[in-house]
Each structure stands twice: as structure tokens, then as C-alpha cells.
Amino acid sequence: MNFKTTNAETSTITRDLQAIEDVTGNIYESVVAVAKRSNQIAVDLKEELVNKIQEFASTTDNLEEVFENREQIEISRFYERLPKTNAMALKEFLDEKLFIKNPDADKA
Numbered sequence: 001m002n003f004k005t006t007n008a009e010t011s012t013i014t015r016d017l018q019a020i021e022d023v024t025g026n027i028y029e030s031v032v033a034v035a036k037r038s039n040q041i042a043v044d045l046k047e048e049l050v051n052k053i054q055e056f057a058s059t060t061d062n063l064e065e066v067f068e069n070r071e072q073i074e075i076s077r078f079y080e081r082l083p084k085t086n087a088m089a090l091k092e093f094l095d096e097k098l099f100i101k102n103p104d105a106d107k108a
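Under the numbering used here, the first residue of the sequence shown is numbered 1, with each subsequent residue one higher.
Hints listed in this document are in silico derivations from the structure and should not be mistaken for laboratory results.
Glycine is no exception: its CB is placed at the ideal position from the N, C-alpha and C atoms.
Worth double-checking, as some hints may not be accurate.
Claimed, not checked - No more than 30 Å apart at the CA atoms, straight line, and that leaves these computed lysine-lysine pairs for BS3-like: (1) Lys101 with Lys91; (2) Lys46 with Lys97; (3) Lys97 with Lys84; (4) Lys91 with Lys36; (5) Lys36 with Lys46; (6) Lys101 with Lys46; (7) Lys91 with Lys52; (8) Lys52 with Lys97; (9) Lys36 with Lys52; (10) Lys101 with Lys52; (11) Lys101 with Lys84; (12) Lys36 with Lys97.
Stated by the list, open to error - Computed beta-carbon distance windows for the label pairs: (13) Gln54 with Asn7: 23 to 33 Å; (14) Glu47 with Ile73: 16 to 26 Å; (15) Ile73 with Asn102: 37 to 47 Å; (16) Glu21 with Arg70: 38 to 48 Å; (17) Ser11 with Gln40: 21 to 31 Å; (18) Glu80 with Ile27: 26 to 36 Å; (19) Glu55 with Asp22: 35 to 45 Å; (20) Tyr28 with Ile53: 33 to 43 Å; (21) Asp104 with Glu71: 43 to 53 Å.
Please model the complete structure; the sequences and the hints are all you need to start from.
Below is the structure:
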């Protein structure tokens with residue numbers, strides 16, 4: 001997933017619960033699906049952030065170098081400005097870009 005081009009909201013907005021419920025037919029299933037996708041996005045973001053920060057990490061831990069490593073600071077600021085993972089997951093969910101599989105519903 002390309003997190004840089006996501007058009008999810010960066011601030012909290014009011015949501016229409018009926019629109020969220022209509023996707024699965026159950027508001028609780030919808031919330032669980034969004035929460036699981038949010039966790040997946042968070043893991044991906046964390047891996048990407050750690051990899052980018054390690055590129056600029058120094059082998060010596062000098063206190064002065066920690067404060068002056070501008071590359072790491074800029075990378076961290078970029079990731080802080082991204083929308084929250086739950087907003088990204090909800091945007092995917094409402095745009096019907098998530099595949100939701102319910103094993104209990106498949107048995108019935």
C-alpha cells in the first residue's frame with residue numbers, strides 16, 4: 001500500500017454509522033474488519049519507518065549526533081503527519097477496497 005497517496009482524513013470527522021453497517025450488514029463486523037486492517041497498516045508503517053530510520057542511524061551513540069540527525073527527524077515528521085491507521089482502514093473499507101471473509105457465514 002502506498003501510504004503517501006492516501007486520501008484519508010487527517011483529523012476526526014463524524015461518520016454515518018448506517019453507511020459503515022451497510023457494507024457487511026452488521027456494525028460489529030464492520031468495526032472488527034476495520035480494526036484488523038488498521039493493525040495491518042500499523043505493522044506495515046512501523047516496518048517501513050524503522051527501515052528508513054536505520055538507513056541514517058550512526059554506529060556510535062553520541063548524544064550530540066542524536067539531536068542533529070536531521071534526516072531521521074524529517075522522516076519521523078513525515079510519518080507523524082500521515083493520517084492515523086484507523087482513518088486509512090476506514091477509508092479503504094468505505095471505498096470497498098477491503099476483502100472481508102467471514103468463516104461463520106460461509107458455513108451457513
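Each hint tested on the structure:
1. Proposed proximity of Lys101 and Lys91 is supported: the alpha carbons are some 18 Å apart, at most 30 Å.
2. The hinted pair formed by Lys46 and Lys97 meets the criterion: a straight-line CA distance of about 22 Å does not exceed 30 Å.
3. Among the hinted pairs, Lys97 with Lys84 is consistent with the structure: their alpha-carbon atoms are about 18 Å apart, no more than 30 Å.
4. A hinted pair counts as satisfied when its Cα atoms are at most 30 Å apart, and Lys91 with Lys36 qualifies at roughly 14 Å.
5. With a C-alpha separation of about 16 Å, the suggested pair Lys36 and Lys46 falls inside the 30 Å cut-off, and the hint holds.
6. Taken as a hint, the Lys101 and Lys46 pair is honoured in the structure, with Cα atoms around 26 Å apart against an allowance of 30 Å.
7. Between Lys91 and Lys52 the CA atoms are separated by roughly 26 Å; this keeps the pair inside 30 Å, and the hint holds.
8. The straight-line distance between the Cα atoms of Lys52 and Lys97 is roughly 27 Å, inside the 30 Å bound, and the hint therefore holds.
9. The straight-line distance between the Cα atoms of Lys36 and Lys52 is roughly 25 Å, inside the 30 Å bound, and the hint therefore holds.
10. Between the alpha carbons of Lys101 and Lys52 the distance comes to roughly 33 Å, so the proposed pair goes past 30 Å and is violated.
11. Distance hint between Lys101 and Lys84 is fulfilled; the C-alpha atoms sit about 24 Å from each other, no more than 30 Å.
12. With a C-alpha separation of about 14 Å, the suggested pair Lys36 and Lys97 falls inside the 30 Å cut-off, and the hint holds.
13. The hinted range of 23 to 33 Å is satisfied by Gln54 and Asn7, whose Cβ atoms lie roughly 29 Å apart.
14. The given range of 16 to 26 Å is respected by Glu47 and Ile73, whose C-beta atoms sit roughly 20 Å from each other.
15. Take Ile73 and Asn102: their Cβ atoms lie about 44 Å apart, and the range 37 to 47 Å holds.
16. Between Glu21 and Arg70 the Cβ separation comes to about 46 Å, which falls inside the hinted range of 38 to 48 Å.
17. The hinted range of 21 to 31 Å is satisfied by Ser11 and Gln40, whose Cβ atoms lie roughly 22 Å apart.
18. Range check, Glu80 to Ile27: about 31 Å between beta-carbon atoms, so the 26 to 36 Å window is met.
19. Checking the proposed 35 to 45 Å range against Glu55 and Asp22 shows it holds: the Cβ atoms sit about 44 Å from each other.
20. In this structure the supplied range 33 to 43 Å holds for Tyr28 paired with Ile53, their Cβ-Cβ distance being about 37 Å.
21. Between Asp104 and Glu71, the C-beta spacing of about 48 Å keeps the proposed range 43 to 53 Å intact.
In the structure shown, a violation is registered for the earlier hint numbered 10 alone.
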